[in-house]
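Those protein sequences? They're chains A and B, same order as listed. End of the first sequence sits at 330 in my numbering; the numbers just go up one at a time, nothing left out. End of the second sequence sits at 330 in my numbering; the numbers just go up one at a time, nothing left out.
Worth flagging that the hints you see were computed from the coordinates, not collected in a lab. Among the clues, some could well be false.
The list makes no distinction among identical chains, and a pair is therefore deemed to hold if it is satisfied within one copy or across any two copies.
[Unchecked claim] In the SDA-like style, the derived pairs of lysine to any residue whose C-alpha atoms are separated by at most 20 Å in a straight line are:
1) Lys-160 <-> Thr-236
2) Lys-160 <-> Asp-91
3) Lys-160 <-> Gly-111
4) Lys-52 <-> Leu-88
5) Lys-132 <-> Glu-144
6) Lys-160 <-> Arg-109
7) Lys-160 <-> Glu-41
8) Lys-160 <-> Arg-40
9) Lys-160 <-> Asp-175
10) Lys-160 <-> Ala-108
11) Lys-160 <-> Glu-37
12) Lys-52 <-> Ala-23
13) Lys-160 <-> Ser-36
14) Lys-160 <-> Glu-264
15) Lys-52 <-> Val-103
16) Lys-160 <-> Arg-267
2 protein chains.
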Amino acid sequence: MSPEQRERELRGLIAPIAEELDACSVDLTRELDSASEAVREVVAHANRYRGKRLRAANVLLVASACGRVTPAHVKIAAIVEMIHMATLVHDDVLDGAEVRRRVATPNARFGNEVAVLLGDWIYARAFSISTKLESQTCSRVLAETTATICRGEIEQSLAKYDFGLTVERYLEMIDAKTAALYAASCELGARYADAREECVRAARVFGRSLGLAFQIVDDCLDLDGSESEVGKSLGTDVVEGKITLPILHLLARGGPRERRRVEEIFRAEGSFDRVGALAAELDLIGAIEASYADAERYLRAALDALGPFPPSPARDCMAAMAEYVLCRRW
Amino acid sequence: MSPEQRERELRGLIAPIAEELDACSVDLTRELDSASEAVREVVAHANRYRGKRLRAANVLLVASACGRVTPAHVKIAAIVEMIHMATLVHDDVLDGAEVRRRVATPNARFGNEVAVLLGDWIYARAFSISTKLESQTCSRVLAETTATICRGEIEQSLAKYDFGLTVERYLEMIDAKTAALYAASCELGARYADAREECVRAARVFGRSLGLAFQIVDDCLDLDGSESEVGKSLGTDVVEGKITLPILHLLARGGPRERRRVEEIFRAEGSFDRVGALAAELDLIGAIEASYADAERYLRAALDALGPFPPSPARDCMAAMAEYVLCRRW
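So here's chain A without its partners, still in its complex pose:
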């Protein structure tokens, strides 16, 4: 799919809040500016990193589905994207990634030291902006969520090469590292629209389910996606020893032979095509399909959560967003 096709596909999903999402991007660029010339150059680079802005879109879509998109929502959408950007900057340092979204990563361009500090700066700037909103809710929810994200990533890092990982613990980890920020984005969209508590709760369930599905699909794409479609290096989970859902299905469905084979592939050294070897095993046993089936269950939960929202174009887009997350190939 060409970048233009992707752009069109995404624009359809966010039509009811397209204007606000553009305002959010302008805001983001302004807030990422710094009085310091050195920082300005480094940050401008990170800003080219901008992706699908799904988290920002969720803040605004939920707000619109609750009947009220305010200037505070645009700010919150920008803050959420900044937090996501900071996690990406640090992830790329830790993975030694050189390219993301076809742009050199900050660590590749400025070195690890500047990249770690840049991530810290973006986090701090995001919190700083949140403290200028009228209520403390946004600051509180997003600081807690950021701690949750880091907790999930620490757990994941410590669980590398742990072939005894359970599906339950895997789900807890992706809940923390990915779904928490989706849930928080949707919650804040509802809270700052003064929605009823029932809608706030439903918004959280929608966001969390969407986030879980998103991460499962991401983990599948890392194993069977096409690099030219996804736009980043794939197979990195295997290289780093991350045990994801398809691998867990393979281990659960296979016998001792499969277990030995998986461990052998993960621990293989040199230029051996680990992803290719794994793909053959995964295929044989239907582990990718089983993972997509899990993702689909979360998407159904996301759709079910839309109940309390009155019919509206924004609500329809939330439903379409859920479908998109499952079908995306990038």
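Starting from the known structure of chain A, fit chain B onto it as the hints suggest.
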């Protein structure tokens, strides 16, 4: 000086707020706890990192000098120490440091990945706690200050091996990376004691001056301190190409021969004793003494800032703190 002597020396400085500082330490340990077992182990390790707690002491001393130490101050003191701790965790990753305060660094113990994420987690936790205070002031001031610290560190990182660095830019950098957190600690001590605006301003000036002096002395100790007294590896600035005030004095006072010699020493490879070679040059030209004279000027500014505070044991301790920062050998 033995650890016991140090402890006594510091306890004298903080006598009026000793109880509150102990409460702050208890608070810190509680707040650093995590429901996640993996995170708990990693964080418990970082908590052994605890140092002189000068920033926490400043929050409490200023509050006491303003006539009112509240439970919010104890919280703020803990938050400030957490932010400082997070910067240390990341600094140690970036410097590849293996020991700090006689304890293995988190990166040495758990690897860089976990250590970067741990720093992020501590930052997020600190902000999260601040959002539970009644007013947004603490969250706002500390988020802005953290962005300032990171900005200063990014600038310093980009200025490595820049022998054209000016004293003015050096001062701007240490103002951001070190003095800003001292200034914020003192400001918050005054604000949460409902002090008059004149005292808040004076508290900021006191903290900022103290912080500048502290960093200049730190930069001197890195070049001429004793490792057994300071308790961490010294000479690291030279190894990393950081141009600090003594070097700037040496460059300013020396001629072309000294400039060539400094560049040669900084760029020397292998096991060459760079610090020893620099010490000879610095000694000859009185560059360390000149730097201490600068630090003394800032300390005088700190003492002058005490004017608006009424006489009190806490105010006397603030004055003693300033003297201590200049005379400390660790």
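A quick look at each hint next to the structure:
1. Within a single copy, Lys-160 and Thr-236 get their C-alpha atoms as close as 12 Å, which meets the 20 Å cut-off; across copies the closest is 33 Å, which misses it.
2. In this assembly of identical chains, Lys-160 and Asp-91 lie within 20 Å of each other by CA distance solely inside one copy; the values are 15 Å within and 25 Å between copies.
3. Taking CA atoms no more than 20 Å apart as the test, Lys-160 paired with Gly-111 passes between copies only; the shortest distance there is 13 Å, against 25 Å inside one copy.
4. In this assembly of identical chains, Lys-52 and Leu-88 lie within 20 Å of each other by CA distance solely inside one copy; the values are 13 Å within and 34 Å between copies.
5. Within a single copy, Lys-132 and Glu-144 get their C-alpha atoms as close as 18 Å, and across copies as close as 11 Å, so both meet the 20 Å cut-off.
6. In the homo-oligomer, the alpha carbons of Lys-160 and Arg-109 lie at most 20 Å apart only across protomers (16 Å), although the nearest pairing inside one protomer, at 28 Å, exceeds that limit.
7. When the C-alpha separation of Lys-160 and Glu-41 is checked against a cutoff of 20 Å, the pair qualifies only between copies, where the shortest distance is 17 Å, while the shortest distance within a copy is 35 Å.
8. In this assembly of identical chains, the alpha carbons of Lys-160 and Arg-40 lie at most 20 Å apart only when taken from different copies (18 Å versus 36 Å within one copy).
9. Taking identical chains as interchangeable, the C-alpha atoms of Lys-160 and Asp-175 lie at most 20 Å apart only when both belong to the same chain, with a minimum of 17 Å there against 41 Å between chains.
10. For a Cα distance limit of 20 Å, the shortest separation of Lys-160 from Ala-108 across copies, 18 Å, qualifies, whereas the shortest one inside one copy, 24 Å, does not.
11. For the identical chains of this complex, Lys-160 and Glu-37 are inter-copy neighbours only, at 16 Å across copies versus 39 Å inside a copy, given an alpha-carbon limit of 20 Å.
12. For the identical chains of this complex, Lys-52 and Ala-23 are intra-copy neighbours only, at 15 Å inside a copy versus 46 Å across copies, given an alpha-carbon limit of 20 Å.
13. For the identical chains of this complex, Lys-160 and Ser-36 are inter-copy neighbours only, at 17 Å across copies versus 39 Å inside a copy, given an alpha-carbon limit of 20 Å.
14. For the identical chains of this complex, Lys-160 and Glu-264 are intra-copy neighbours only, at 15 Å inside a copy versus 44 Å across copies, given an alpha-carbon limit of 20 Å.
15. For a Cα distance limit of 20 Å, the shortest separation of Lys-52 from Val-103 inside one copy, 15 Å, qualifies, whereas the shortest one across copies, 43 Å, does not.
16. In this homomeric assembly, Lys-160 and Arg-267 come within 20 Å of each other (Cα to Cα) only inside a single copy, at 11 Å, whereas the closest approach across copies is 39 Å.
Every hint from the earlier list agrees with this structure, and none is contradicted.
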